[in-house]
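Enquirer: Spelled out from the first residue to the last, the chains are:
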Amino acid sequence: MRLAAAVSDPPSVLWEDGAVKVAAGGEGWASTPPAWALPVTVAGDLVLVRQGGVLVSVGAVCAYPVGFEFYLTFGFNPAPAAEWRARAPGGRVLGFHARTPHEQVTAARIAVGLAGRAAADSVACMNREVTWGEPIVTFAGGDAGIPSYAPVLRAESRWWVSPLPSPGLVEFSIFLHGADEPNGTASLDAEGILEAAGRSQVLWPAPETGPL
Amino acid sequence: MRKLFWASTVAAVLLAVSALTSAAAPASSGSRGAHRFWYAIASGESFAGAVRHAAGEPGSQVTATVKDMIVRVETGKRVMVPEGTRNGVHLVPATLTELQAALAAARSAGARSGTSVARLVRIPDPHDFPIRGQGCNPVTWRGNRYWASWCKMPFKLVGGVCDPSCHNTDVLTARLLVDPGTSTSRASRSGSYTYQSGNPRFSNIHFEWWTFCFNSEQECGTGNTPNFFGNSSGTFNMTSSKDLHNSRIRHAFVFWAYFVPNNQWTPDEAKTWKGICKPRDANSNQCLYPA
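Listed in order, the protein sequences are those of chains E and R. Note that our numbering numbers the first sequence so that position 73 is 56, with each residue one more than the last. If you want our numbering, it's the position in the second sequence, counting the first as 1, plus 6.
Incorrect hints may have been included.
[As the list claims (entries may be wrong)] Pair by pair, the computed Cβ-Cβ distance ranges are: (1) E:Gly175 with R:Thr91: 49 to 57 Å; (2) R:Ser198 with E:Trp187: 20 to 28 Å; (3) R:Asn143 with E:Glu164: 51 to 59 Å; (4) E:Gly124 with R:Gly204: 39 to 47 Å.
[To be verified] For the chain E half of the interface with chain R, some residues (derived, Cβ under 7 Å), not all of them: (5) Arg92; (6) Ala94; (7) Glu112; (8) Gly124; (9) Ala127; (10) Ser131; (11) Pro134.
Worth flagging that the hints you see were computed from the coordinates, not collected in a lab. No experiment lies behind these values; they were computed from the predicted model shown. Built from N, CA and C at the ideal position, the CB exists for glycine as well.
So that you can see chain R by itself, here it is in the shape it has in the complex (with noise of 0.2 Å):
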């Protein structure tokens, strides 16, 4: 009896592990011999966009594996992979149409791979940026109606493994809140990371801001914050080197973050809506967002 007992304990115990390897540490499966790739995506790039970036690495699986997903689909079976929306990075079942285009992806940046191509990025022109969050904190001035901050500007970063099918290990996240100044805005920033225990991917993580001076958003102020840990909030601050009384403002944002399994430097990039700082003559430094 005990040694029934001992032995369904057993049994148990690797079938938990079993279940557990296969749900919580997708990267192994890799040893099995299918072909894989990591990948790193922000809100907005398309699996094709991510494709691209993974096929510049020397020696990436991606066409292989890209390969292989289309054997699967073509067979039935489902494959999932990860896509950038406005609104976030999704899991998604994948078309034959898709990864077609991304096998052509692939094709194109292996063919144009140097050594360390895929460690370059290009990020649009901060102007170019799409308007994220919403006005809060109403206030009434001068008998118009204002948003004294622009809140819950929405950043993600999500990395992951494709075995041929993709499975997210590491999302980040964060969100600002903008109260601008007329010479110093201030930012408050709160994030969440999750990844799987004891084995984060994303390392140096900061924001790159861009202050935007009068009504022709001349750029006049931009840095980096120093990193931060993925789990944490804080505040910095967005300088500008004109006095902005009674003349616009706006800022844009990119959250970096890098990918260590494809040494990738990841950005998800955002601006606010365009606000109007107060004249000199009331006697504050803030400014508004019009409502």
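Excised from the complex, chain E in its bound form (with noise of 0.2 Å):
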């Protein structure tokens, strides 16, 4: 299978009450969020942008024996003077998506970095196979974007990340309207949703087969 899902070989260690045993680094992987394990909460939030009339934060960490999905909010402050919209070009105010010309040059993307392994990027991971094990931050759900005529400029989305981070530094930076460079980054310590996952309870076999 070139784009396996799920893990098909679920975690096999568990403690006496359920929770599974996750090595340091973790070694599981899944390319969605797995329906078989429940997830663990990080307390925590992080702001990676507060300026020129955009909020951008990262919140509500769920940590899983194969990785971790998270909240990613947006909100534009609907002023006509308000900085962000001298740089957004053409008609939406906020997209995920990288398929046609416009939105190649209008993707907001998010990037992960993982402490001692490659970055993952959300752009990325939409416009090439993924191959099992490497680093992934891809979309799980929520709004895909804001349209101009949107009532309110506000985006709430979920984003799946694996696998597991080593110890260390989690990453995450916000590319907004096409920029080469992130508008914002913050971080969090690996450590708590390291521990989270070691709480996580797998509820019965991962599949061998899921979303493509």
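Dock chain one against chain two, each of which comes alone in its own frame, and use the hints as you go.
Expert: So, in structure tokens, the structure goes:
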């Protein structure tokens, strides 16, 4: 299977209460949040951007045995004089996809640097084949963007990151409107994610196939 | 006797493997030295269109492969190519004229190709998508006949290889049923995906949607579903930023998938019939399609 969506070998080493023993650095991998494990939330929020009429924050990190999910929240000041308007070409205020020529130059992307591993990039994961085990950050639901006519310029989306980070810092970087340099960066200690992943409960064995 | 049985068994196995290789794994025939290229095509797209997209790939063998096709047709051999019609994608015998047009398209695309041109896609304005599907779930309301749902909206994406005759390796289909509403509409999808065993080449399968409001068909909602498995069914909602009581509504969709062999996003587009939503005094959020 080129694009196995879930680890074909479910974590086999369990504590007596059903929690998974997670090896440092994380050995499991999945292309989407697993349905077979109960996530554990990690306390703490990060603010990546808070200027120019733009707010970008990361929060509600939920850890699984094979990765973690987080909420990415955007808010744009609708005032005509807001600074972000000068840097937002085209008709969409925010969008993650990069399929058409217009989307290629306006896409927003989120990059997650996992300690000890290469950074995962949301646009890269949408534009090429993902191979088993490589660090990924993929869209897992919520608002896919904000059109210019939206009554409220706010978007909340969920993103899936796998594998689990090694001990160290996990760095989140946001690039708005096709920017080459990040508009904002913030990081948190991987220890909290790893500790929560270790308490995640496996409910049933992982299936061998899933979304492509 | 036992040796003879063993030898005949081996011969049968070899024959079976040979037949299996030529029929089920056309991609491997490229190793014999023939030119080949991968293609991805949707309903309504011509072979020349697929060639134009494929030709933009760096190092592609599209032009050489189409030349091989022309030679084969000129010598009386049959070459099959994919052709997207309104009803889907089929393999049809290629004509010399069609292949010459494809060659011109390949040269044109090759001449202007940059490094990533083939990955860029141009879709029409969603207002211009073709209407596909039909009304279903008939209802009578205030003396007039309507359809409560728009059904059987077909979408089809096909990927394959030409070496030089073409073989479809991946066929991805989906159908939508739309239940329109004044602020939130619901789409039910069902899909199937056939591919060579253990080697699906389409990924990132999802729908992009638009809601058009009022008679002027002003865009008032858009979004993307999360990726889903090709062989699956499910539902998703389309929202509207406007209150559509007593107003017109229409939805447009693009069925997207990423074809890995040639790094190509592949779209298939369609829209519904235009519906009308019940007025507020009906105390209902339902919209209907005039029958």
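Enquirer: With reference to the structure, classify each hint as holding or not holding.
Expert: Here's how the hints hold up against the structure:
Remark: the range hint 49 to 57 Å for E:Gly175 to R:Thr91 is upheld by a beta-carbon distance near 56 Å. Remark: the range hint 20 to 28 Å for R:Ser198 to E:Trp187 is upheld by a beta-carbon distance near 26 Å. Checking the proposed 51 to 59 Å range against R:Asn143 and E:Glu164 shows it holds: the Cβ atoms sit about 52 Å from each other. In this structure the supplied range 39 to 47 Å is violated for E:Gly124 paired with R:Gly204, their Cβ-Cβ distance being about 28 Å.
Hint status for E:Arg92 relative to chain R: violated, with the closest Cβ pair at about 15 Å, above 7 Å. Taking 7 Å as the C-beta cut-off, the interface hint given for E:Ala94 is violated, the closest approach to chain R being about 18 Å. With a cut of 7 Å, the hint placing E:Glu112 at the interface with chain R holds, because the nearest CB-to-CB distance is about 5 Å. Hint status for E:Gly124: holds, given a least beta-carbon distance of 5 Å to chain R, under 7 Å.
Here the hint on E:Ala127 is kept, as its CB sits about 4 Å from the closest CB of chain R, short of 7 Å. This hint is violated: E:Ser131 has a C-beta 10 Å from the nearest C-beta of chain R, more than the 7 Å allowed. Taking 7 Å as the C-beta cut-off, the interface hint given for E:Pro134 holds, the closest approach to chain R being about 5 Å.
Violated hints for the displayed structure, listed by number in ascending order: 4, 5, 6 and 10.
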